[in-house]
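Knowing the structure of chain A, use the given hints to seat chain B on it.
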Amino acid sequence: MAAELEAIGIVKRYGGLLANDHIDLAVERGEVHAVMGENGAGKSTLMSILYGMQAPDEGSILLRGRQVRYRSALDAIAEGMGMVHQAFKLFNSLTVWENVVYGLEPQRGGFIDRAAAIAKVGALAERYHLQVDPAETVGRLSVGVRQRVEILKALYRDANILILDEPTAVLTPQERDGLFTVIRNLTADGRTVIFVTHKLHEVMAITDRVTVLRDGKVVAQMITGETSAREIIRAMTGRAVNLTVEKGEAKPGAPVLKVERLTVEGAGKALVDNASFVVRAGEIVGIAGVAGNGQTELIEALTGMRSPDEGHVEIVGHDVAGFDVEHHRAAGLAYIPEDRAATGTARQASAADNLAMGFQHTPAFARIGLLDYKAVAARARELIARFGIRVASEAAPVVSLSGGNLQKLVVARELAHQAPLLIAEQPTRGVDVGAIEFIHGLLIAERDKGRATLLVSAELSEIMALSDRILVMFEGRILAEIPGERADEETLGLIMAGRAKQAA
Amino acid sequence: MSAASARRLLRIPAVPLAILIGVLLGALLILASGRNPLTAYSAILVGALAPENLPDTLNWAVPLVGMTLVAALPLRGGMVNLGGDGQLVVGALVAALVPLYLPAPGPVAAVAVILAAMLAAGAYASLAARGETRFGIPMLISSLLLSYPAVGIASYVVGFPLRDTTTGLAQTVMIPASVRLPAITGPLNIGLFLMAAVGAAVVFFDRRTVAGYELRMRGLNARFAGYGGVRLASQTVRIMFASGAIAGLVGAIIVLGSQYRYQDGALVTPGYTWSGLMAALLAGGEPLAAIGAGAFFAALQTGGFAMQRETAIPRVLTMVLQAIIILFLAIRHGVGRRSS
Numbered sequence: 005m006a007a008e009l010e011a012i013g014i015v016k017r018y019g020g021l022l023a024n025d026h027i028d029l030a031v032e033r034g035e036v037h038a039v040m041g042e043n044g045a046g047k048s049t050l051m052s053i054l055y056g057m058q059a060p061d062e063g064s065i066l067l068r069g070r071q072v073r074y075r076s077a078l079d080a081i082a083e084g085m086g087m088v089h090q091a092f093k094l095f096n097s098l099t100v101w102e103n104v105v106y107g108l109e110p111q112r113g114g115f116i117d118r119a120a121a122i123a124k125v126g127a128l129a130e131r132y133h134l135q136v137d138p139a140e141t142v143g144r145l146s147v148g149v150r151q152r153v154e155i156l157k158a159l160y161r162d163a164n165i166l167i168l169d170e171p172t173a174v175l176t177p178q179e180r181d182g183l184f185t186v187i188r189n190l191t192a193d194g195r196t197v198i199f200v201t202h203k204l205h206e207v208m209a210i211t212d213r214v215t216v217l218r219d220g221k222v223v224a225q226m227i228t229g230e231t232s233a234r235e236i237i238r239a240m241t242g243r244a245v246n247l248t249v250e251k252g253e254a255k256p257g258a259p260v261l262k263v264e265r266l267t268v269e270g271a272g273k274a275l276v277d278n279a280s281f282v283v284r285a286g287e288i289v290g291i292a293g294v295a296g297n298g299q300t301e302l303i304e305a306l307t308g309m310r311s312p313d314e315g316h317v318e319i320v321g322h323d324v325a326g327f328d329v330e331h332h333r334a335a336g337l338a339y340i341p342e343d344r345a346a347t348g349t350a351r352q353a354s355a356a357d358n359l360a361m362g363f364q365h366t367p368a369f370a371r372i373g374l375l376d377y378k379a380v381a382a383r384a385r386e387l388i389a390r391f392g393i394r395v396a397s398e399a400a401p402v403v404s405l406s407g408g409n410l411q412k413l414v415v416a417r418e419l420a421h422q423a424p425l426l427i428a429e430q431p432t433r434g435v436d437v438g439a440i441e442f443i444h445g446l447l448i449a450e451r452d453k454g455r456a457t458l459l460v461s462a463e464l465s466e467i468m469a470l471s472d473r474i475l476v477m478f479e480g481r482i483l484a485e486i487p488g489e490r491a492d493e494e495t496l497g498l499i500m501a502g503r504a505k506q507a508a
Numbered sequence: 018m019s020a021a022s023a024r025r026l027l028r029i030p031a032v033p034l035a036i037l038i039g040v041l042l043g044a045l046l047i048l049a050s051g052r053n054p055l056t057a058y059s060a061i062l063v064g065a066l067a068p069e070n071l072p073d074t075l076n077w078a079v080p081l082v083g084m085t086l087v088a089a090l091p092l093r094g095g096m097v098n099l100g101g102d103g104q105l106v107v108g109a110l111v112a113a114l115v116p117l118y119l120p121a122p123g124p125v126a127a128v129a130v131i132l133a134a135m136l137a138a139g140a141y142a143s144l145a146a147r148g149e150t151r152f153g154i155p156m157l158i159s160s161l162l163l164s165y166p167a168v169g170i171a172s173y174v175v176g177f178p179l180r181d182t183t184t185g186l187a188q189t190v191m192i193p194a195s196v197r198l199p200a201i202t203g204p205l206n207i208g209l210f211l212m213a214a215v216g217a218a219v220v221f222f223d224r225r226t227v228a229g230y231e232l233r234m235r236g237l238n239a240r241f242a243g244y245g246g247v248r249l250a251s252q253t254v255r256i257m258f259a260s261g262a263i264a265g266l267v268g269a270i271i272v273l274g275s276q277y278r279y280q281d282g283a284l285v286t287p288g289y290t291w292s293g294l295m296a297a298l299l300a301g302g303e304p305l306a307a308i309g310a311g312a313f314f315a316a317l318q319t320g321g322f323a324m325q326r327e328t329a330i331p332r333v334l335t336m337v338l339q340a341i342i343i344l345f346l347a348i349r350h351g352v353g354r355r356s357s
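First to last, the protein sequences are chains A and B.
Okay, so the first sequence: first residue is 5 according to the numbering used here, each after it adds one.
Okay, so the second sequence: first residue is 18 according to the numbering used here, each after it adds one.
Looking at chain A on its own, in the form it has when it is part of the complex (with noise of 0.2 Å):
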């Protein structure tokens, strides 16, 4: 019998890139299929060509046995493709029903047939045991309820292949437990799940078969059952790689952040709630939490970024509260932002610009306010060497830069400052394996060193690696601190899910 969903041969170039090097992959009907891969690696251009969003250079796509073309991804849907992309396509002021619906609502006397499209909508997640309600507005549900109404809408368009993105990079443990409840039993119903992901003990505990991607090209295609962890990395990395950051007892000196009973308000609610705690030299804090529950506004407060609507902020005992960002770092911080591209660069600005950034002020960069460049590129190529960012040189722009990279260059840029605290976000969000590595082993050192680091993390196994004490974030409130060495997914995620007295 004909594989569900064949691709032959695809290439795709961008310029000089090659994107895609004659990937060959079979996906069979009823199976999780996991696509693995490092930054850069392919996996992002093949899924746009499965799903129509691009054409491939040559190859092509063959569904049951039978070629297709598509000219946009209306044509992929048509054929039964639905793709969960990582960054949700949801209109936030709509319900549940209209957002599946949209596009292709039922209709009585050219009105749109409400009653039968919840019905609908209904039926579809009573089926999957999808829990959700269709009359909700999709601003008020959290993010992973969000995910499971981009799949009704795959569903709804009657997907029988279905793309998961990167599907649990925003969920709680018991959230991404309920989403592989979901994923068995669709493949139960005879449907056919993609799954893109970093993560190996998911591609463990969920997949059938896995293809590894790098530089473009399958490296491996395994069955999930009949292979490790350790083997899938050796094929995405092409090298062995220690999975668990290695740390010895924290020192923890001197207060170095105070933070007393911080709110920051915003859409007339608390969105950090009278939060207060303190770090100190030498050791690392971590922030657990779902994402949108006041980390982001936190973190906004204690850099500057925002003012907080009251409370006490101390950066090395200077009073930091209400005033720009210039102050908070010239009272001793280094940050490293969440989002790199829109907040931790200037795509377009070359690497030495980019890497100068926050130093213009310094006495080794400016005299009588003029710019010395030929320091500024010469401390760009010593950090460029030291911390083995991939760049074609300092003058060079920085777009080019895979995530991984580009995330290297802004960690290299902050670490630089030798400030006493720093605040890291979403450190290694979307970062590979080798690069993950890498910057957990430098977090570490510094820590060694002597420096206070305020850690947010979306990813629990981050935070546990690394944290000497952990603070659980819920609705902008900090439930509970709990020793690293004390932490596990469990008491966490149910923390997380704001059930403190539960995991207590």
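To be clear, the hints were calculated from the coordinates, so they are not data collected in a lab.
The beta carbon of each residue, even a glycine, is placed where N, CA and C say it ideally should be.
Take these hints with a grain of salt, some might be off.
Quick list of the computed label-pair ranges, beta carbon to beta carbon [said to hold, decoys possible]: (1) B:L157 with A:K273: 29 to 35 Å; (2) A:G194 with B:L157: 52 to 58 Å; (3) A:G143 with B:R248: 30 to 36 Å; (4) B:L162 with A:Q352: 29 to 35 Å; (5) B:T183 with A:H365: 52 to 58 Å; (6) A:Q225 with B:P33: 47 to 53 Å; (7) B:R248 with A:K255: 33 to 39 Å; (8) A:R234 with B:P30: 48 to 54 Å; (9) A:D79 with B:P155: 55 to 61 Å; (10) B:P155 with A:D117: 41 to 47 Å; (11) A:R234 with B:I348: 49 to 55 Å.
Going by beta-carbon spacing under 8 Å, a handful of chain B positions derived as facing chain A [to be verified]: (12) R225; (13) T226; (14) V227; (15) E231; (16) M234; (17) R240; (18) F241; (19) G243; (20) G245; (21) R248.
Relative to the frame of chain A, chain B by itself:
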């Protein structure tokens, strides 16, 4: 045209290609109206660049390039100053009125007048900036809207209370000869050197100073600049002050160097502000390229006047050329992307 030769054409640097296309389309227009394109273009060339006409071109280029810098400086940081007309008028009015009441020896007075004009126009421009930083009015709107009262009030002032009643026009009394800018040759005065110095200063600011670096980074990603400690609000005010001050200098040069009085409409009618804005957009705010584009437009426009005199082809043609060139530069990226 085959796809291959189209691709080869696209490899020609964008600016010459856009000019070439503009010239070709312009030629078709002239042909369609039954005249000879070669005659027209040679009239433009001679009118703009022949030695005897060069001073006229330069004299036209001084305010045009000046207003290009007015637009380019904020644009470098991703900000748009649409209030050039208002700032120009404020500077010119101050330059026309201060000499009438300032008892000082010539050169000292001239310097003081120029500084006063720059200060006044700069302050006026920074009002628009404060509108954005304090009250959240987008500067695109506040700068444009502040232009109208400036132009209107200036028109009233020279039309009624401070009108030179000896003439029939809405204009102020002539300024004393001692504060006028010395001429170089023909209509050309030392305003040319002042403007060259300002142009050099803007290029130096952009390429060498910390503030120039901060402005450039803001233009590429404002959030990144803010994250790196750049004080965006005060930067907005400072840059707009500088931009307005250059507009004030342009106004002062026109009054002290060419017209010797404030003449209602004389500053706004030639459209320096908008030609300058187009030139700045064409260069993406990069100062040296903006200066080049401004000078090119000045040559095109001066040549257009000559062509109209010599050949009876209306000088509107040169404005059409200007528009076509900008249009093609703007769509080039889209065309290039689709073919690759």
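Exercise for the section: Starting from the hint 33 to 39 Å, judge whether the C-beta atoms of R248 of chain B and K255 of chain A obey it. Expected result: Once the Cβ atoms are compared, 37 Å apart, the range 33 to 39 Å for K255 of chain A and R248 of chain B holds.
Exercise for the section: Could you check if V227 of chain B really has its C-beta closer than 8 Å to a C-beta on chain A? Expected result: Cβ of V227 of chain B sits 5 Å from chain A, so the hint holds.
Problem - Agreement of hint R248 of chain B with chain A interface, Cβ distance less than 8 Å - result: Result: holds, 6 Å to nearest chain A Cβ.
Problem - Distance restraint hint 52 to 58 Å, applied to the beta-carbon atoms of T183 of chain B and H365 of chain A - result: 57 Å, holds
Exercise for the section: Could you tell me whether the CB distance from G143 of chain A to R248 of chain B stays inside 30 to 36 Å? Expected result: 34 Å, holds
Handout entry: Consistency of beta-carbon spacing, P30 of chain B to R234 of chain A, with hint 48 to 54 Å
Key = 53 Å, holds
Handout entry: Pairwise beta carbon distance, D79 of chain A to P155 of chain B, judged against the given window 55 to 61 Å
Key = 41 Å, violated
Problem - When the least beta-carbon distance from T226 of chain B to chain A is tested against 8 Å, hint result - result: With a minimum Cβ separation of about 5 Å from chain A (threshold 8 Å), the hint on T226 of chain B holds.
Practice task
Identify whether the interface hint at F241 of chain B stands, where standing means a beta carbon of chain A within less than 8 Å of its own.
Solution key: 5 Å, holds
Exercise for the section: Can you let me know if the beta-carbon spacing of L157 of chain B and K273 of chain A is within 29 to 35 Å? Expected result: Given range 29 to 35 Å: holds, Cβ gap about 33 Å.
Practice task
Hint says 49 to 55 Å; check whether the CB-CB distance for R234 of chain A and I348 of chain B agrees.
Solution key: Given about 53 Å between the Cβ atoms, the range holds.
Handout entry: R225 of chain B as an interface hint toward chain A, with CB separation required under 8 Å
Key = 5 Å, holds
Hint 9 alone, counting from the list given before, is not met by this structure.
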